[in-house]
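Participant: Each chain is listed here by its residues.
Protein chains: 2
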Amino acid sequence: MDTKKKIEELAKNIIEQLVQQQNPSMTVPIRSLSNVYFDKKSQTLQIHENASTRSFYNVNHVRKFVQTLAVAAGSKKLVERDITVSIRDLYYNIKRTLPNTKIDLLDSQTESDKAIEDLEAITGLPRERLGLIADASGTVSGKVVIEDSGDTIDWSKLGSGGWAIPSDVENITFKSVKAKYVIYMEKQAVWHRLHQDRYWDKHNCIIMASKGQAPRGVRRLLIRLSEEFKLPIYVLTDFDPWGFYIYSVLKYGSINLATQSDTLAVTGAQFLGITADDIEHYGLKKHFIKFKDVDMQRIGQLENYDWFKASKAWQRQFKLMRSYKAKAEIQSLSNRDIQFITNTYLPEKIKKQQFVE
Amino acid sequence: MDTKKKIEELAKNIIEQLVQQQNPSMTVPIRSLSNVYFDKKSQTLQIHENASTRSFYNVNHVRKFVQTLAVAAGSKKLVERDITVSIRDLYYNIKRTLPNTKIDLLDSQTESDKAIEDLEAITGLPRERLGLIADASGTVSGKVVIEDSGDTIDWSKLGSGGWAIPSDVENITFKSVKAKYVIYMEKQAVWHRLHQDRYWDKHNCIIMASKGQAPRGVRRLLIRLSEEFKLPIYVLTDFDPWGFYIYSVLKYGSINLATQSDTLAVTGAQFLGITADDIEHYGLKKHFIKFKDVDMQRIGQLENYDWFKASKAWQRQFKLMRSYKAKAEIQSLSNRDIQFITNTYLPEKIKKQQFVE
Chain E
244 MDTKKKIEEL AKNIIEQLVQ QQNPSMTVPI RSLSNVYFDK KSQTLQIHEN ASTRSFYNVN
304 HVRKFVQTLA VAAGSKKLVE RDITVSIRDL YYNIKRTLPN TKIDLLDSQT ESDKAIEDLE
364 AITGLPRERL GLIADASGTV SGKVVIEDSG DTIDWSKLGS GGWAIPSDVE NITFKSVKAK
424 YVIYMEKQAV WHRLHQDRYW DKHNCIIMAS KGQAPRGVRR LLIRLSEEFK LPIYVLTDFD
484 PWGFYIYSVL KYGSINLATQ SDTLAVTGAQ FLGITADDIE HYGLKKHFIK FKDVDMQRIG
544 QLENYDWFKA SKAWQRQFKL MRSYKAKAEI QSLSNRDIQF ITNTYLPEKI KKQQFVE
Chain X
244 MDTKKKIEEL AKNIIEQLVQ QQNPSMTVPI RSLSNVYFDK KSQTLQIHEN ASTRSFYNVN
304 HVRKFVQTLA VAAGSKKLVE RDITVSIRDL YYNIKRTLPN TKIDLLDSQT ESDKAIEDLE
364 AITGLPRERL GLIADASGTV SGKVVIEDSG DTIDWSKLGS GGWAIPSDVE NITFKSVKAK
424 YVIYMEKQAV WHRLHQDRYW DKHNCIIMAS KGQAPRGVRR LLIRLSEEFK LPIYVLTDFD
484 PWGFYIYSVL KYGSINLATQ SDTLAVTGAQ FLGITADDIE HYGLKKHFIK FKDVDMQRIG
544 QLENYDWFKA SKAWQRQFKL MRSYKAKAEI QSLSNRDIQF ITNTYLPEKI KKQQFVE
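Here the protein sequences come in this chain order: E and X.
What the first sequence shows, in our numbering, is residues 244 to 600, in sequence order.
What the second sequence shows, in our numbering, is residues 244 to 600, in sequence order.
Bound-form chain E, shown alone (with noise of 0.2 Å):
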């Protein structure tokens, strides 16, 4: 029961500056863009110490100091209910106007997610430990059998459908692992491509795709493959600004969750592609599609991360790209022959290792 101690910590501190009659107060992290940096060691991002004081006796400060410990009385029930909620749900929830006053404790869902993002900062605990659950959507299919709720789930045997990958995967465990490495993609047409052509069969590895940006289930699930089996993580995007933050967030962390990159990043990560050196070797010029302005400033902004910064590899991938003025879709392979990707593509690279690194 760590999240309720370390709740009941918070409040209790809280108590007690109000019985000796001071201000009560507690203490937030800062998180912005001044405040965190590029750790070399952990190659991660990670936050300053700097932190701010929210007291209750301070007209700026009340509001978000009644959401915080609000939020947080939620999250308390939450756990010793043990269920789990979306922060959605968490909003309606806690919901009220103030007694005997017109005041409404929450204007709207921006607020309480606020009050979540603080209080996992104040706590170091991660939202899945508050029992908040964030988005689950991501599919996995590959040589393992784990259990999970008293059910036992072997990923090789679930049809064409897969396993539908939940928020939080801390109390999963893992009975067999026969991969030798994982290749994560961002769209789920591309892992219908691998499943039905059963990829992860014939190459011994596990697959798992979800939309865009992994959501927190995936990253977890992915991190605990890398940390406790020691397999290798494979990225595949598109050949575009986008691809590449996705892979970025993933292997770095972001700035908004900085203060949990130690548990949400990806740090084995490698990006297989799609590279500038696939669009000449496979002839995907023709399928480019033009940059719009918002590609080009993304780029910008990816070529002056520290991490990009020091690399040449990932330099001269922005460059070729900028010269482009276009991006190029994973799927464009589908123009050599629809099982291109199965039978030759990721073969080749992984063969080779061609990582940008």
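Keep in mind the hints are simulated off the structure, nothing from the lab.
Model, not experiment: these values are computed from the prediction.
Errors might be hidden in some of the hints.
Since the list gives no way to pick out one identical chain from another, each pair is judged satisfied if it fits inside one copy or across any two copies.
[Claimed, not checked] Capping the alpha-carbon separation at 16 Å, the derived lysine to aspartate or glutamate pairs in EDC-like fashion look like this:
hint: 1; residue 1: K528; residue 2: D347
hint: 2; residue 1: K400; residue 2: E390
hint: 3; residue 1: K552; residue 2: E600
hint: 4; residue 1: K494; residue 2: D505
hint: 5; residue 1: K533; residue 2: D350
hint: 6; residue 1: K529; residue 2: D347
hint: 7; residue 1: K529; residue 2: D350
hint: 8; residue 1: K555; residue 2: E600
hint: 9; residue 1: K307; residue 2: D397
hint: 10; residue 1: K320; residue 2: D580
hint: 11; residue 1: K529; residue 2: E413
Chain X: place on chain E using the hints.
Facilitator: The following block gives chain X in isolation, referenced to the frame of chain E:
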């Protein structure tokens, strides 16, 4: 090989016309509001017999004519290889510059998507039979055992994650169905609540969810459970015009897919909630979200659908919603208690069989 035969017939017919030095043409059913009607007998949207003729030697037709044939050829190859791909994959697969010209077969995926719809209408085959998959995003759990691609899958033994519903469910075999009804909901977070509370176990039912409009795989799975096992299908959406529309499309079909209502309309679906009566009964008014103009317009459209016009109960719902000028989410029930939906709302409503009909 029904698909192969139908596509070959289409092709043979065109070759024959060419041999006889006629202008090759094909007949395409017209799918537009004016050609669609509500069939009272089947209680679904259906299409009139009207069709247009598309010819090769007609500058206005030739492009679509060739595109439809290219899609047909691509589809035939997929069916022969017994693989299924996304419509994006097919686009990339068939796109090319016509030999000895500078003319691209396809300018964008919109064109091949349209040609796919035409081919569906011409052959009367749904896209799953043309080797194409739709978006696969849905989750299910319950006391059901199925067989899919040689694997036996127990929907009650999938841990916290459920089974990821594939886009094509025609080939799954039901081995055992111990359920009295199905609840279909438009929100994954609600599914998570019910799944964690093992609602399907306590109440002997199946719970199924997707995001927003039900994908084709979900619709077909609901229809199979309804037709093959006579299970009632209860639909749980927000109290808002979009939730009502999700129900409407699920049960009666949509204009775009009116040629496929027979295979895609879940005619047995019943609307469980959230209703205006729930708003009053469970005190949800304080969680109202104010209407925007677009919400009001949407109600105006819904009110005038033939099937809703014929229903006093639905007209009453629309009228009340209009008077509230507001909508309410399923999850506002969480304000009563996080598990209120599991312990009170659903059991009560299902016991009383309070459907809007």
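Participant: Compare the structure with each hint and give your call.
Facilitator: Status of the hints after comparison with the structure:
no.: 1; hint: K528 x D347; verdict: between (56 Å within a copy, 15 Å between copies)
no.: 2; hint: K400 x E390; verdict: both (14 Å within a copy, 10 Å between copies)
no.: 3; hint: K552 x E600; verdict: within (11 Å within a copy, 62 Å between copies)
no.: 4; hint: K494 x D505; verdict: within (11 Å within a copy, 47 Å between copies)
no.: 5; hint: K533 x D350; verdict: between (42 Å within a copy, 13 Å between copies)
no.: 6; hint: K529 x D347; verdict: between (57 Å within a copy, 11 Å between copies)
no.: 7; hint: K529 x D350; verdict: between (51 Å within a copy, 12 Å between copies)
no.: 8; hint: K555 x E600; verdict: within (8 Å within a copy, 65 Å between copies)
no.: 9; hint: K307 x D397; verdict: neither (45 Å within a copy, 46 Å between copies)
no.: 10; hint: K320 x D580; verdict: between (54 Å within a copy, 11 Å between copies)
no.: 11; hint: K529 x E413; verdict: neither (44 Å within a copy, 37 Å between copies)
Comparing the model with each earlier hint shows violations of hints 9, 11; every other hint is respected.
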